[in-house]
Amino acid sequence: MKLLAELRAQGRGRDMAAVLAHIPYARFLGIDVDVKGNEVTTILPFKEDLVGNVNLPALHGGVIGALLEITAVTQLLFDTSCERLPKTIDLSVDYLRSGRPQPTYGRAIVTRHGRRVANVRSEIWQEERSRPIGVSHGHFLLAPL
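Okay, so the sequence shown: first residue is 1 according to this note's numbering, each after it adds one.
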């Protein structure tokens, strides 16, 4: 993704909002990002079209999985000097509770960073961070083979 190299050249390499604006699915979901120091928080505002079960109502599982993955990639881009968007090798998601019709927040931590592969854990929550609605662990390819 040439965008990352261009943003870094402009001194905006840590402008995660600019990066997310160029990821179509993140833009479709309306994901925003808040950076305070070295903490990156993704924010998914509630929208009716994100509901999977209208009887509860509950966020669609695909939206939860996507937010976990985008949160992991955002943290990885923030922590590293990747010039390309990392590619997901695998992502294991644990759905812990239903996502209610309200904003959802996410944070991630890079647990291992190698030359080609990084491991990232992410979690998302709504009202209380101590009560996550989903967690994930993923492996991401940093450089082409």
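A portion of the hints provided could be inaccurate.
[As the list claims (entries may be wrong)] With a straight-line Cα cutoff of 30 Å, these simulated DSS-like cross-link-like pairs (lysine-lysine) come out:
no.	residue 1	residue 2
1	Lys36	Lys87
2	Lys47	Lys36
3	Lys87	Lys47
Because the hints were derived from the structure by calculation, they are not lab data.
Structure-based check of all given hints:
1. As the CA atoms of lysine 36 and lysine 87 are separated by approximately 26 Å, the hinted pair is consistent with the 30 Å bound.
2. Restraint check for lysine 47 and lysine 36: satisfied, since their Cα atoms lie roughly 25 Å apart, inside the 30 Å limit.
3. For the proposed pair lysine 87 and lysine 47, the alpha carbon gap of about 27 Å is at most 30 Å, so the pair holds.
In terms of the numbered hints stated before, the structure departs from none.
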